[in-house]
Amino acid sequence: MNVFHDLFYGFGVALQPWNLLSCFFGVFIGTLVGVLPGIGPVGAMSILLPITFGISPVTGIIMLAGIYYGAMYGGSTTSILVNIPGEAASVVTCLDGHQMALKGRAGPALGIAAFGSFIAGTLGLFGLMFMTNALAGVALMFGPSEYFSLMCLGLSLVTYLTQGSVLRGLVMAGLGLFLSLIGQDIITGQARFSFGLMGLIDGVGLVPLVMGLFGVSEVLLNLEKLGEERKVLKTRFRELFPTKQDWRKSAKPIGRGTLIGFLLGILPGGGAVISSFVSYATEKRFAKHPEEFGKGAIEGVAGPESANNAASSSGFIPLFSLGIPANVIMALLLGALMIHGVKPGPLLVTEHPEIFWGTVASMYVGNAMLLVLNLPLISVWVQILKVPYRTLFPLILLFCFIGAYSISANVFDLYVMFVFGILGYALRKLSYEPAPMVLAFVLGPLLEKNLRQALILSDGNISVFLTRPLSAISLIIAAGLLLSAILPFVQKRRSEVIVEED
Amino acid sequence: MLEKETGTVEGFVWIGIGFIICILALQFDLGTFHQPGPGFVALLTGLFIAAMGLAMIVARAMSKRRPDKASGGDHPFQIEAWRRLVYTMVLLLAYVILIEPVGFILTTFLLMFGLFFDYRKRNYLWSLFFSIATALVSYLVFEVWLRCQLPRGLFPWW
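Chains as they are written, first to last, in the working numbering: chain E, 1 to 502; chain X, 1 to 158.
Same shape as in the complex, but just chain E (with noise of 0.2 Å):
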């Protein structure tokens, strides 16, 4: 009973008045980006990371965590009254939820994705509480080599997951790693890549290279579509409770949605996007009336809802057992955390206590204050999806400057993410996705790490990536992915499930 003694602390942490604070200002701004269509968890994390840096870490993590699951919360609103989803997890909502609305059922959709959320959230919960200390366990007997090929791993992952081209891919994760490498190197403290400019001796600034790829990215994205208007249905609070036959409907649904959303939520690369996807075909294929999917069948709302928020609780695992991040969120979290002097892996739980708890802790609490925020003040956010863009996205890019200043007042930052910008939008319109280029930049040094040290340790035999058995599987697990994506029943099948997201 440990783990209920550890959490019984968690609880401790995150009860505490600024980290309670702290979570709802996170769950709140979490709803906002959700709700709100052109900015999402990313953007929204990477333009308050700053703030983090002056407070504790448990704190600004207990924040940055609460404004990703938020987000999975608010995405299913805008997807459900507006037929646009918040961000990118929602996009499957919008299939049968926004029917649902049609019809006049708004309520028992947005009641159903904020029970089933609520439901999967905390189950989810309860699996990142046993994994992550089982997996911390065995991630003690991993060396530099067991690391380098993980990281492998999760980055052909990601590539793999990404929609469009895996040759695409993995040429963003190639200049993320490049991108990763300007500054001093490692091991000699030698300056690389920095031709001369006193901004780039450090490197190529986080917050600022997100701020630009995610957030100015997507504001310049998103002004092509200016002069749209948004239909806002309308529903109230009293209209949100399913009926029973709904809960007969959706309660399978939920279950499974959470078990692939945990699943496919710990994979590297697997995150909330995939999952509700995943489990929105999933419904399809049990569903006795797969006809009425698409037309306001509201198991399609329930499950791929439940799959999200379970896939964010277990998307921890990886991060905080094995240091590796699994998504571009979790990338974020990772800096956030190193910037602090923490270093997430398997001693995280054992030396940073406070953290890996208070989180988990502040999960629960999360989960409950994003039940009342959406449900009864589901009106206050029909409200602010009726604010134009063209007054939001101003106020957007200021946040962007002022966020990637603030790090360390230096100028330099802006014109870093204003290049990063400009990249990002050329590179989306170009169909190059920017998430692999984001975690190669995060994993890039630690990847140059273990692979420098492994060669060194085995006296320069490369071989010892292939004789250690958990690398070799990794590895061997990482090829066949790339492999497998040129045979054409596997392209076939892989455009299927992602290329859906468009």
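Quick caveat, the hints were computed from the structure, so don't treat them as lab data.
Wrong hints could be hidden among the right ones.
If you want the ones that stay clear, here's a sample from chain X, every Cβ over 10 Å from chain E, calculated [said to hold, decoys possible]:
(1) Gly-16
(2) Phe-19
(3) Leu-26
(4) Ala-61
(5) Gly-103
(6) Leu-106
(7) Tyr-119
(8) Tyr-124
(9) Leu-128
(10) Phe-129
(11) Ile-132
(12) Leu-140
(13) Val-144
(14) Leu-154
(15) Phe-155
(16) Pro-156
Below, a sample of chain X positions facing chain E; criterion: calculated Cβ distance under 10 Å [said to hold, decoys possible]:
(17) Ala-42
(18) Phe-130
(19) Ser-138
Virtual Cβ for every residue (Gly too), placed ideally from N, Cα, C.
Put chain X on the given structure of chain E with help from the hints.
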């Protein structure tokens, strides 16, 4: 994935970028497998990017379909609303250049006015009010409350 829509031109571009990275890496000590140097991983990265570029060209050559509209991807060069886009980019660049010499408040006010302003609606008063409000509120929140040390420029006493 050796997808058919990947074009030959982008393949050559990535080969070029890969080789540039290799040349840059060669300026540093590559070391050996026993003792890898600062340029070691960079060289591997450059070779990897060049290899991916080559794979794109091979994929394109092996593909029977043309990289056209049938691929179902974006239409990258049909940029809608390009005037607002270029206008916004110029404003952002001007903001980055001017923020240090001119200062946060004035530059932010000018940026916000430029971004809020809609040339079709000629909403001068509305834009003026919101840009002043945004500049002042953001100054109070970030400089006064959160002590972010924003650039003061022409107004060192602020």
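We went through each hint and held it up to the structure:
no., hint, result
1, Gly-16, "holds (12 Å)"
2, Phe-19, "holds (13 Å)"
3, Leu-26, "holds (12 Å)"
4, Ala-61, "holds (14 Å)"
5, Gly-103, "holds (12 Å)"
6, Leu-106, "holds (14 Å)"
7, Tyr-119, "holds (12 Å)"
8, Tyr-124, "holds (15 Å)"
9, Leu-128, "holds (13 Å)"
10, Phe-129, "holds (12 Å)"
11, Ile-132, "holds (13 Å)"
12, Leu-140, "holds (12 Å)"
13, Val-144, "holds (13 Å)"
14, Leu-154, "holds (15 Å)"
15, Phe-155, "holds (17 Å)"
16, Pro-156, "holds (15 Å)"
17, Ala-42, "holds (5 Å)"
18, Phe-130, "holds (8 Å)"
19, Ser-138, "holds (6 Å)"
Consistency with the previously given hints is maintained throughout, with no hint failing.
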